[in-house]
Every structure is written in C-alpha cells, then in structure tokens.
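Assemble the complex: chain A is given as a structure, and chain B must be docked to it using the hints.
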Amino acid sequence: MANLFRSSGPHIESPETIETNMWSVVIALIPALIAGVYFFGLYALYLVLASALSAVVFEKPFVKNTAALGDGSAFLAGLLLGLTLPPTVPWWLPILGGFLTVVIGKHLFGGLGSNIFNPALVARAILLLSYPALMIEWVSPLDGVSTATPLQLGTDAFSYSELIIGNIPGSIGETSVIALLIGGVYLYLRDYIDLKIPLSFTAGAVGAALIFGQDPVFTILSGGLIFAAIYMATDMVTSPVAKWAKIIYGLLGGFLTIFIRRYTPYPEGVTFAILIINGASYFLDNAFETAHFGEVEFVRKKVAHFSAVITAAVLILLVGMTLIDEEAPYPGNLSYSHLNQSVPAADDFEIIERDEDDILFAARAEAETIKDLIYISRNGFEAPIEVLLILEPDGNIENIKIINQSESPTLGARIKDQDFLNQFREFTTADAEQIMAETDLISGATYSSQTVVRAVQAGLRLLIAEQETGLQDGVYQGQAEGVQGDIVLEITVENGDIVDLEILAEQETEHLAQPAYEELEEQLLAEQSADLDTVAGATYTSEAFMEAVEEAIAKASPDSDSESDFEIEDGVYQGSAEGHAGPIELEVVVEAGEITEIEVLSENETPNLGDDAVEATKTAIIENQSLEVDTVSGATNSSVGTVNAVENALDSEAEAASDQSQTEASDADSAAENGEETDTDSSATPAEESEEESTADSDLETEIAEDTAEGGSNG
Amino acid sequence: MAIKEVKKFPIGGIQLPEKKGLTSDQAIKVMPEPAEVAIPLSQHIGAPAEPIVKVGDRVKKGECIAELQGKISARIHSSISGIVEGIVERKKPGQGTYSCILIKKDDLELKAEAQKSARGALPEIETIRKRVKAAGVIGMGGAGFPTHVKLEPPAGIKIDTVIINGAECEPFLTVDHRLLLEEYLDLFRGLELIKKAVGAEKGIVAIEVNKKDAIEKLQQKAADWPGIEIQALDTRYPHGAEKHLIKAVLNREVPKGELPIAVNVVVNNVQTAVKIARAVDFEEAVTDRVLTVSGEALTTPSNVKVPIGTSIKDVIKFCGGPKDQQDYQIIVGGPMTGINIDDESMPVVKGTSGIVLITAAEYADSETRACIRCGKCSEVCPMYLASNRICAFVNNGLLERADDVGLKDCIECGACAYICPSKRPLVRWIKRGKAELRAVEK
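Going down the list, the protein sequences come from chains A and B.
Heads up: the first sequence at position 648 corresponds to 648 in the working numbering, and the numbers run straight through without jumps.
Heads up: the second sequence at position 160 corresponds to 160 in the working numbering, and the numbers run straight through without jumps.
Warning: the hint list may mix true and false statements.
Here are the simulated DMTMM-like pairs of lysine to aspartate or glutamate, each with C-alpha atoms no more than 20 Å apart in a straight line [unchecked claim]:
id : chain 1 : residue 1 : chain 2 : residue 2
1  : B       : Lys434    : B       : Asp409
2  : A       : Lys301    : B       : Asp403
3  : B       : Lys423    : A       : Glu19
4  : A       : Lys243    : B       : Asp409
5  : A       : Lys301    : B       : Glu253
6  : A       : Lys243    : B       : Glu379
7  : B       : Lys423    : A       : Asp191
8  : B       : Lys323    : B       : Asp342
9  : B       : Lys423    : B       : Asp365
10 : B       : Lys423    : A       : Glu16
11 : B       : Lys133    : B       : Glu283
These are computed hints drawn from the structure, not numbers from a lab.
One chain only, chain A, in its complex shape:
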C-alpha cells in the first residue's frame, strides 16, 4: 500500500535535516560555553566536552549513523547536561552523565524522537538525587571560592548587571544571561526556534514570582531560568507541537519552576519543572490541538475546552497552595464539628496556643471570646485518649468530652462514664495542680482514668501558661545586625498585643528592604511572634528584622521584665534563706522601684566558692533586676539560697503592703504580721508564704505555692 503513493509529491525537499537542527543549537550554545570557561576556568571546558563526547560515544552501539559525531543529537544532549553541571564536580561525573543521557534518557525510551523526557534533564535529575553534595557545590567565578548561588543568597547578594553578565556562582553555562540570549537570537534569526515556549516559560515564571511576592526580574535572571527557557524547555522531541499546547506548556513550566523553588528543597527548580511538563506534552498536544482551517464550530468547542481546563488547573493549584500553606487544621480525630457542637454559639475558633498536638482555642462569637476550648491527647493503652475541655472565660471547666479512645471496652472505656467525667466540672485553672488528688479514679481502670486526669491537668496548664505569657503593655526596642548595619526597631504593645512597629534606624538596600519591612510588619501584627517567614530576595534583612523583633518581644515578656518582678515600694528589706551551709541573711535596698543594693548580712558558705557565688548572684540580680539569674556552677545551693533570700526579703515587703490594704486581717494574717511562726517557715519556703498571704484561701494553696517555689528555684 505504501508504494502506491510513491509517485506522488512533493518531489523536492528542503535542505533542512536533523543535523542542521541539532548543530545549529550547538552553535548557539558556544557563547554560553565561552562565558562559562572564562568565569570558571579550563576545567569547566573539560567537564562540558567530557559530557558531550561521552554521550556521543555511548550512543555508538545504538545507531547506524557513521558520522564521527553522529547526527548531533547526542552531542547536543551531552552538551546541555555539561553546561548545567556545577564547575567543581569530579572528572568522572560528566562521563556518567553522558551515559545517563543517551542510554537511560534516550535509547531506553526508543531512541531519537521516542523519548518522553528531555535526556539531559533525566541525567541531571539522576545526578542531583544520587550525588546531592556534588551537584549543589558552587564556587564564585574567577576566584573559585566556595559559596552559594544567588537563589540561595537572596536578591540582595548580586546586582542585576552581575546576573546578566554572569560573573556569579552557578552552573557552568547557566549564569551568563547575555551569552544565552545571543545564542537565542542566532537560533531565532536562523528560524530554528519558535518563541512561544521561551516567552511563555518566562511569563509563567514572572507570573508565579508575582503571585509569591518575589522580585520578577531576579527570578528571570537567576537559577538557570533563561537557559531552561531557551534550550531545555524547547527540546523538540519532548515539547508539544500545537500552538496553544506550546503556550500552556511554557506557562506551566515557568510556574512550576518558581513553585518548586519556593516549596521544595531544590532551589533551581527547572529540572523537575521541565521533566513534569515533558510528561504533559502529549496530553497538551491532544487537549489543545489547533483548530483546523474552516472549523469555526471546532474553534468554539476548543475555546470552551481550553477555559475549562485552565479553570480546573487554577482551582487545583489554589486548593493545593492552601493545603501547603496550612498544616492539617487539627490533630488526631479532632474536627471542626467537635468544636462547633461544644460551643454552638461560636462563629470562630481561633488557635491561641499550640504545643505539639495540644491546642488551646478561643471560641468567639462576634469577636468576643465566649469560651476556651482545650484539646489534649495523651497515650492510653492502645491509642491516644483525646480529650476536649470546654472552659468558661474565668477558667472553670464547664464540660469535658472524650473525643476518641481505644481502651479495653469493659474497663478502660469507663472513662467515658458521666460519673467519672462530671468530677472535672467546676475545676478551675487554679486547681490544676491538685486535680490528681481530688479525683476519684476508676477502680480496675486506674491507668486509663489517670491518663484522663493528666490530660485535664495538662490542658489547664496550657491555659495558665497562655495567660501568663501575654505581653506587657509598653514600647520596647530591639536591634540586630543587618546586611549593612544595625536595624533598630520599636514595638508598641497594647492590651497584651503588638499593635505597632516602627523602624528607628537601618541602612539596608532601600528598594529591597522597604517592601520586606512592610511584609514583615504585616506578618508580625498577624502572628504576634518573631517567628516570621523570610521575605524572598531579602533573606538576611528579614532574619535581622526577626532577631530585633525577638529582642523587643523578650523585653515585653513578663518573665524578663523587671517591673513585673519588683513592684515594690522603696525601702530596705531583710530576708533570709537556706544556703549550702546554713542560712544566708541579707538586706535589699529598693529605690525608685529598683533594687539598687544588696548587702549580705551573714552567710556561712564555702570560702572562695560559695561566698563568691553569693556575690556573683547578688550582682546579677541587681544588673538584671530579676530573680531569674544563672546559678554559679559548682555552687548551686549558694546561688539558689541567695536568690531565695532576696525573694524572701521582697516578699516580706509585699506582705507588709498587703497587710496595709487588709484592714480586717485574719488570724493567720496577724500571726504572719507578728512574724512568729512564719519567720522560720518563710526562710525555708519563702514563696509559700507569699502565696498564702495573697490568696488567703484554703490549704490547697499551700501546695500550689510549694510547686511554684520549686519551680522558682529550679529556674
């Protein structure tokens, strides 16, 4: 049948052949090769030629072509791979690369024209995954000093002109944008390249950069994007043929490149992006087949088809991006419906605090917090026991639910009995520490019921911790070293929230840093934390900013704030506490609300060790205006004793103050005032005293105070 039409036309043919196509691309790559050799030295030339020639040699067994360099396709693929290698890889790597290119990437797929994936990129991907350390080792041009690429360093590291000329660290042939463009212009003038893919690829990258808030110019000029757009994505065999398929292919490739750069550990992105779109080529040719001449209806149908596919793709991407940006919303078996059923009146459940899987939610109705919800998960026998606490705003447990448990059905499962659970009602945050003692465990299910109690306790502690870590109102400064000098900033805290940020001084590159500041400020006000996302293109500046904010936040935190520790009237106070060898007695002078002097009245600590520790500790307390000072190693007891003595002295002040306000003091209070029983007690457990005084409630408080005191001396 084939021969029947042997006599029909056309009887003339163009001079174009596979060879002219392949070798003209090789010619177009010569400027990039020259630039690479100039910047990275003769070894780079070896690497590129080794890759190209080994590809030719490895192809020999597969082809009939007798020309020394074959039809040019293997040489070109090897050349492309060589140009994407870092200039420092060992001598054998390009040869392995040549093998991977033609044997794995090309001939295992059926040879020229049959391979689905760009052979050079197949090889590069295998090398990248097999020898990650070798494939991401970069050196500065000309001097060969180890460094990172512009993508890793961020936008500030290199100027646009450096990126265009290419005297930057990177792959041998990818850095010089100008050399790559010269080759591109040559191909265009010789009509060997269709601009649809390079342009749409670049457009896709720019679009993605804008979506992700990156500098689009930097995006184009770095990470081998131009190399990929002109020479890799346009590989004839693996790219689509139809007009719109080419455009979609390019857009998708550019977008994926930036997407991969942003969301994966592979900063260059193009390798995987192009391999992915290679796989889509055939589909794209099918889906976006050009409407034929005279097919008006067909065109309409295709346009509808096209818009549907694009809409679907955009939707999928948007959904994907939300999934990537936010972790799975809730841990374990917790779901929104649990929250909603627990507090039906609430319209919003904001995560206030999260400690691993334990979460504190604020249930809000019209922006007003009406309930706190605490989700706690603790390991039971088989699987975690998941508990949800519903608390009134004042900290009372209103209800408790077991969301999930897999305890033994006859025994452990009794933790779900209302009789057991009801015990927890009306406990408050204040009861957190004696909850274990106050709860009747289920006999025969001791471990399971204990786990529930522990979970409730942990939940209450989480709420307590949250309440304590609110920031103190005020204005706080922080500073840190940026790229070109210190960044000094100021945060304003109102009602425990950071409400404003002001940069007081900085010397960063204005056009890069200013947008970064704005973005970081926005993040800060939303997150209320110094743990922010760095702004791409201004990585160092972002980090410095965060450091400065951290410092300012640290000052605003109650723990380190002197004012919160010593709200003391001026005066001289005495206190004592047990040291290593007997009591340490001292006198604390408070002036203008600050500790100005501590005089040790008597101590019996080990000479040259304990007594030095006492001195060092008291100096530290004065300097920091805080009791949270480091202990002196080797003399912990002396250090702690000193701290406790100071605390005791200050407590005696607080005592006096509270006594003054309590006109109708109880008997216990009177006793304390007289200093009869309590003096000795307080020297041993000073905090206990203070708690007892300020709360003046039942004996429960004693235990809390004990716990607090332990905590204090541990700190």
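Here is chain B on its own, set in the frame of chain A:
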C-alpha cells in the same frame, strides 16, 4: 504603476525555490500537431464521456468525438484533423489507465466551423452556459471540474465575487504568467462572462508578486474594464489552493468540507477563463492547452500550446529532449503536487499544467528518518493540521483517530513533507490514510 496592497493567507505556507526564471520570459510557442493523439474520455471529475465516433471515421479538429453523460461530465473534442483508429488504454499518472480515442493525423487540416462574430455585448446567461458546456470546458488548473456546472450555482446561493486564480504557486510553472501577459483580453472577457453567468458584481484577478510584470500590465489594462480588480498576493506556497486564495483575497474561510460557494465565491483558473471567452464568443472547443515544459534536465524549457492527447514523449521531444548524460525524473504537474511518471506515452490532458524534468540530484528521495517532533510540519500547514500526528495515527492503523485530527482536511499541498528535516513522506502517508479510510467507510 506601483503594487498597492499585497495580501496573504494568515497561517502556514512556505517559501519555495521558484525556478520560474527558466520559462517566465518565454513567449507561448505553438506545437505542431503530432502524428497521432490519444484523447482520454475521462479528463474531468464526474462520469466519463461516451464516444460518438466509430473506428475509421474521419474527424475534423474541434469536432465532438464523445458526448457528456449525466449532470457532471464534459464533452471531448478531437484536437487534430484525422482518422479514428480505435480505443486504446494509456497509463494515467499515479495509478490506473485512461481509455483514449486514438486519432491518426491526416493532412487535410479540416477544422470545425468557428463563429466569426465580433465581441460585443455579453450574451444571455443561458447562452453562456450552453456554449461553455458544448465546448467541453473544465477546470484547466488541474482539478478538472466541469465548468458549466460551476457556472450554474445552486438555487438560493448568491455569488458576489468571482476570483481568477493567477497565483501559480508551484515552482517551475509559468503557464498562467504567460497567459496573463499574452491573453489578458480573453481573460478579462472570460471573467465578465463568468460574472454574468453566476450573477456576481465583483471580479478579481489575484496574482502573486513574483509576477510583477503581469500585475503591472493588468492593472493598466484593467482600467478599461470597470468591475475587474487586480489583487497582488505575497509569494507563498500554496496561495493557489482555492480556499487559501479566498482567505487571502477576501478573508473568508470556507467551512470544513464545503465548497467556495458556501462563502459566495466562485474561483476559476486563468486558462479556464480564457477558454470560456473563446467558447462563448467563437464557439471554439477545448482542443489544446498551454503548459510549461521545464526543469534543469530539459534542453529548452518552454511554454507550449499542445493539442490535447499529444504524448508527453512528443512534448519533451518538441522541447529539445533531456540534456545529455543527465539522470532525471519526469513530473507531470508541479514538483509539489505533481506525479512522478515512468511511461512517456501518457497523453497531455486538459488539466495538465506542466511537465518538469527534475535532475536526480534535485529529486527528493532521502532516507526516511525518525520524527524529532520539531513541529515544522504544523508551522507550515495552511490547514493548521499537525501532519506528524495524523501520520502517526495512519501508520499505526488508527484511521478514526487520524480523522479526528484532520486526515480528511488535508489539501495535500506537500508543504509539510517538503520542510520535514527527517524527510518523512507525510503527504504520501496521508494519501494512503485517506484511501484506507474511504475503503473502511464504504
């Protein structure tokens, strides 16, 4: 006069090496009548004509020797004065044979009577159609559609424009070029007659800019012919394809599977218009045609007026024969869409636009290599098809898939196969696919 506006079709097409210089300056020569002619009964689309002469009959030049059959058919006339020898089979370009009436030349030089009326007002529509039908005029560009059918558009269809196809985009061919220069009066008259017959207001002669002298001359002469415009076209293959000519000149796209009348246009070849003028005004039958005999392997490339039925061998001989020591291939038609023949006894028919002797070096017979998906075939396709995909389906027997991606839409212009760097015979595969699909659909 300067060429004002140059139009072209929007997508695809290629620039070909023209090689028209071999014959473009050669005035049309008239070939003497050969010793015998074999006139095929089926030179046109439609039913073959029915012979009305017997063996031994003496026929005059221009005498009807076969009558048309059915609606779509065309009459056949003797192209020489001579004696009917009988019915013979002659090979057809490609496959199959022609049934031919073989006529031996006598020396009587008898001619059918021609009317000597001077050209005056345009005759009635019915007269025009009748005389065109009687003269056996068919599409002389190669398609061979009976012209009298074309001059009677179906009821309800309004034709507003008649285009004369003077694009002549095939390399080597210069027939239309010469006719434009030498027989423009017949051309203009023919165009006016077609316009009247189909009821069109507008007549356009479309010519590629590589025939600059023809465009300039016709622009000048057309000043006396209100209602006739000359349109310059860019030099781009295949402007001569009917649908692309309409797209370029009027920017109207003939819908898939339809004829030009769907966009209110009738297209006729230059030589057809000339033949119409002579048929209507002088009742002269189609007994000869002008064709280009050319090629690097030919001694004297020429434009020749040849009696229908003359063997290709005689024509080549008239043009000096092949150059010595030269391997060559004979192409009937142009090198892009023509047919390579190996039997020189084939007759020249009404649709034969050229005979090209291509040197072996020029002839395309490179080894077929793997498709590298460069997409050049899609880039040049004037029908916006991807012939590499069509062929992939055809070659794997997936005819329906091939049809989905436009197998039947292909106009077989050959641009894709010409440009293919892997030298894949895409058009031959597509032709085979079409034949297989037709067989399946039957």
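Each hint tested on the structure:
1. Lys434(B) / Asp409(B): 10 Å, holds
2. Lys301(A) / Asp403(B): 17 Å, holds
3. Lys423(B) / Glu19(A): Roughly 12 Å separates the two Cα atoms, so the pair holds.
4. Lys243(A) / Asp409(B): Distance of about 18 Å is within 20 Å: holds.
5. Lys301(A) / Glu253(B): The hint holds at about 17 Å.
6. Lys243(A) / Glu379(B): 9 Å, holds
7. Lys423(B) / Asp191(A): Measuring from Cα to Cα gives roughly 18 Å; hence the hint holds.
8. Lys323(B) / Asp342(B): 17 Å, holds
9. Lys423(B) / Asp365(B): 8 Å, holds
10. Lys423(B) / Glu16(A): Distance of about 9 Å is within 20 Å: holds.
11. Lys133(B) / Glu283(B): 10 Å, holds
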